[in-house]
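Whole structure, please, built from the sequences with the hints as guidance.
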Amino acid sequence: MNPRTRQTLEFILDNLVWFMLVFVLVVFSILIPNYFQLGIFANIIEASSVLGVMSIGLALVIIAGHMDLSVESVAALSAMAVGILFCSSGIGLGIQLQPQWLMVPVSLLIALAVGGLIGAFNGYLVVRVKMSAFIITLASYIWVRGLVLVISGGRSAQDLAPAIRWFGIQRLGGLPLTAWIAIACFVVFSLIMAKTPFGRHLVMIGGNETATFRAGIRVNRNLVIAFVLAGAIAGLAGWLLAIRTSGATANLGVGLLFNAFAAVVIGGVSLKGGVGTLPGVYAGVLLLSAINTAINLMGLPANFTQVIHGLLVLAAVLLDAFKQTIRQRLA
Amino acid sequence: MSEPLLVLDNVAKNYGAIEALKGISFSIGKGEVVALLGDNGAGKSTLVKIIAGGLEPTSGRMLFEGKEFLAKSPAEAKAAGIETVYQDLSLCTNVDVVANFFMGREITRKVLGIPVLDERAMEQVVQKALASAGTRIPSLRTNVEHLSGGQRQAIELNRFVHFGGKLVLLDEPFAALGVEQTRRGLDMIRQVASQGIGVVIITHIMQQAFQVADRIVVIRQGVVAGDVARNKTSPDAVINMITGETLAGAGPAS
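Residue numbers (our numbering), protein chains in the order written: chain U, 1 to 331; chain C, 1 to 254.
Since the hints were derived computationally from the structure, they do not count as laboratory data. All C-beta atoms, glycine included, are put in the ideal place defined by N, C-alpha and C. Just to be clear, a hint being listed does not mean it is correct.
Covered, in the sense of this in silico footprint (three residues per stretch, anywhere, with C-beta under 8 Å from a C-beta of chain U), are these stretches of chain C [to be verified]:
id: 1; stretch: 71-83
id: 2; stretch: 91-98
id: 3; stretch: 106-118
Shown next as structure tokens:
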């Protein structure tokens, strides 16, 4: 095989999910009436912002060779914290800050801090107590959701302060600011993963933890940072979720974890760790969102989405195995 | 003997009731190549891990450049100038050659105060280092998983030659190498030693030990069974020390 074909093949393999996204969009545009319009595409991006942000955190930890199942519950807790403090009806306390805009950074900081703290807790147990991240974060997934129920009493908070909600309403280039926040997160974290020593170290830790430890990389510190980041990013997702729904309910975001998982796997991140890029994850998120939109437009019952997502994850894992075989042929 | 670089004083390591090392004492001079020999399970790898910061000794002490020394992590040992090449390869196969070469000490430049990987600078260094060692790797940007065992080991060997430090520990570094590459590897060791760097090499192959070492230290059942200058001993005598048939030539060389 000559080097040019080989390079092309590798490029296609590396960016397979983007080709899938384009393919799916083209097929839907041809087959489904009214699919091909800017409004629909904007909607795809908009609808994927919360899921997208959450997937970033999950992907970071999985790339580093671990797991964070708690992101969904953490997002819900952050959303509930923001909801209770800054909503004016339901269980909302309706706290007002002067000037109004001050509520934006304060609520954001609270959401990030709630997420970061739980992330730090997870990370500490994984690194110091050497427990399996799967079990620890499964526990967090359960108790954090429980905490949401406890502090809300199962009730909801409505009418988020307008100053915060502004982010969901104000549009720039056809997209609400919340969507731009998600895009900015992807850009920033993609750069961190690809261009900084920290990102490089996470990938290498995911590949061979012993080797990185022997090479003098501070593995534990990097892993704790990854968990804190995953938590804080989940907190940000919760903040966006609160804005999107203008409040918080006790079962807010239920099921997001599995969508995030699907997006991450479809995006080409290997559950074994060490493999995957964030732009791929974003394509995975957009792919899921594009399919959801198609289901809506075709008027299929929404319940079909879950079946299709499940099949997609399965397809993604099979595809990953298939990619591995091709790569081995290439080498 | 030249000025001692590292002195081991009665270093012992227990795993529960099992005494892996019962008390090891010997020293390594600057620019000296010490071959560490011994049967399987004699404790050679344990000893290397203790010096390299991967394990903590149960008792005993070490002096590095005349100062009390105990590395609690490989990072500390590295900071002190101790490089290690392990028996089982320490490469991340999911990243490329350049990333592996610079693992843990990437060249960065600041962009808006944030350290950013300087890929071009790193690639140039790796290219130069591999070329001067005569190692051929088709592309420095291929992931290590696609490389052969010999190419992988060459990366590790070139890594210690490039970064140097003060003391190099090699735990069976030539296990996956061919004849020609092994010869080159031995040359590398001499070259590194001539720069005043101390080298400890673990090997099973007597011929290699006699080719490269200034001094031969034999460990048997967790103690030093022999410590002799290469030119004052013979392969047969060393084999006897390893198997414990005689204690001829035992005791410190200096």
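A quick look at each hint next to the structure:
no., hint, verdict
1, 71-83, "holds (count 6)"
2, 91-98, "holds (count 5)"
3, 106-118, "holds (count 6)"
Every hint from the earlier list agrees with this structure, and none is contradicted.
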